[in-house]
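The whole structure should be built from the sequences, with the hints applied where relevant.
Residue numbers (the numbering used here), protein chains in the order written: chain E, 35 to 313; chain C, 1382 to 1499.
Worth flagging that the hints you see were computed from the coordinates, not collected in a lab.
Since we're looking at a predicted model, the values are computed, not measured.
Check each hint, because a few of them may be wrong.
[To be verified] Only pairs whose alpha carbons sit at most 35 Å apart, straight line, appear in this in silico DSBU-like list of lysine-lysine:
1) K238/E <-> K1405/C
2) K1426/C <-> K1493/C
3) K238/E <-> K1491/C
4) K238/E <-> K1493/C
5) K1405/C <-> K198/E
6) K1448/C <-> K1493/C
7) K37/E <-> K198/E
8) K1493/C <-> K1411/C
9) K198/E <-> K1411/C
10) K1495/C <-> K238/E
11) K1435/C <-> K1493/C
12) K1405/C <-> K1435/C
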Amino acid sequence: MAKLVGGICTSHIPAIGNAIARGLEHDPYWQPFFAGYPPVRDWLERTKPDVAVVVYNDHGLNFFLDNLPTFAIGAAPEYHNADEGWGLPTLAPYPGDPQFSWHIIESLVAEEFDVATCQEMKVDHAFTVPHALLWPGHRRPVKSVPVAVNTVQHPLPTAARCLKLGHALGRAIASYPENARVVVIATGGLSHQLDGERAGFINKEFDLMCLEQLVSHPLALTRYSIHDLVRLAGTQGVEVIMWLVMRGAMAARVREVHRHYHIPVSNTAAGLLLLENAA
Amino acid sequence: MATARATIDEIPGTYIFDGALATKGYALNKMCYSFNDAANRAEFKRDEDAYCAKFGLSAEQREAIRKRDVLALLAAGGNVYYLAKFTGIFGLGVQDIGAQQTGMSLAAFKDKLKGAAN
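Laid out in structure tokens, this is it:
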């Protein structure tokens, strides 16, 4: 049977991809951010997951407003990165796991999550930057199942809905009959706002509360509406709803293995969290 | 939609990209989405007027594109994820447009972000 070995949340800011491409990890601006990642890389080396379910949001690479699903799951043999328009280098494809993808899709739809299914799916920086942070050096040691969540076009799925999707995802993983070792990775956040006169908004107090509650009491975060999250975390800070999908897939009780928080990376408060299910 | 909006508080300096804005901004966002393709970016640079006409931009949108004015583009229904592909043509990243939208210098905008750590 498949085993969920852990859950990781990480920010996915495009500037990180540029910093990696330019070898700036030890630059004074970047060092305090990248310093958060070695413990998670070491954990991945020890734990050796072979599949990653990656919960992320597309920023207008694969999906446009002509056809924008709330939840979309990849079921492709591989996932291609492509030009996003502003200069990030295009990276080599990522292997998929269609059999596992279809198991997850069947299980979720049976539980009344009517997801869109994608046999071709381009993955943007929200997928590729976390991969590069967690497995540096262009390695592809895991197969991926991308789960895209709409955070572009309101109405967005609520925090409560995302936590429930996570619960169903956890059951889907647990019911997979193959011997897969699965890590769930959620990307995005924490507080940031790119647009409007309030651009540059960051809310450290709210972020730290979210990190605390994600570990111990994720249900408490479902009391926030999307509008509340925009107000408290910024227009793009709503990406924390994807972290709730990851948390929902984990057991009710978890052990926090690692946490890191750094302000700023570009316009964003960067967060990192690694959880294991409690014994 | 006006009724629904009246029931929630406005967040100062913040645009919720809802159905109304997405409807208003569809042509603009569609043009900006096309800038994922380098050939389209080159075509825009060759003849900006023709490229905007091809996508049927409104006069308000055309003027905001001409001025590279992000706040005006947002008001015209632009979504920042697509607009970033437009500003990227001129080498402007999210910190540059953050400075533009807040009326700050780039250095002052970066300092403000660093200050959020305290």
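Of the hints given before, which are not true for this structure? 11
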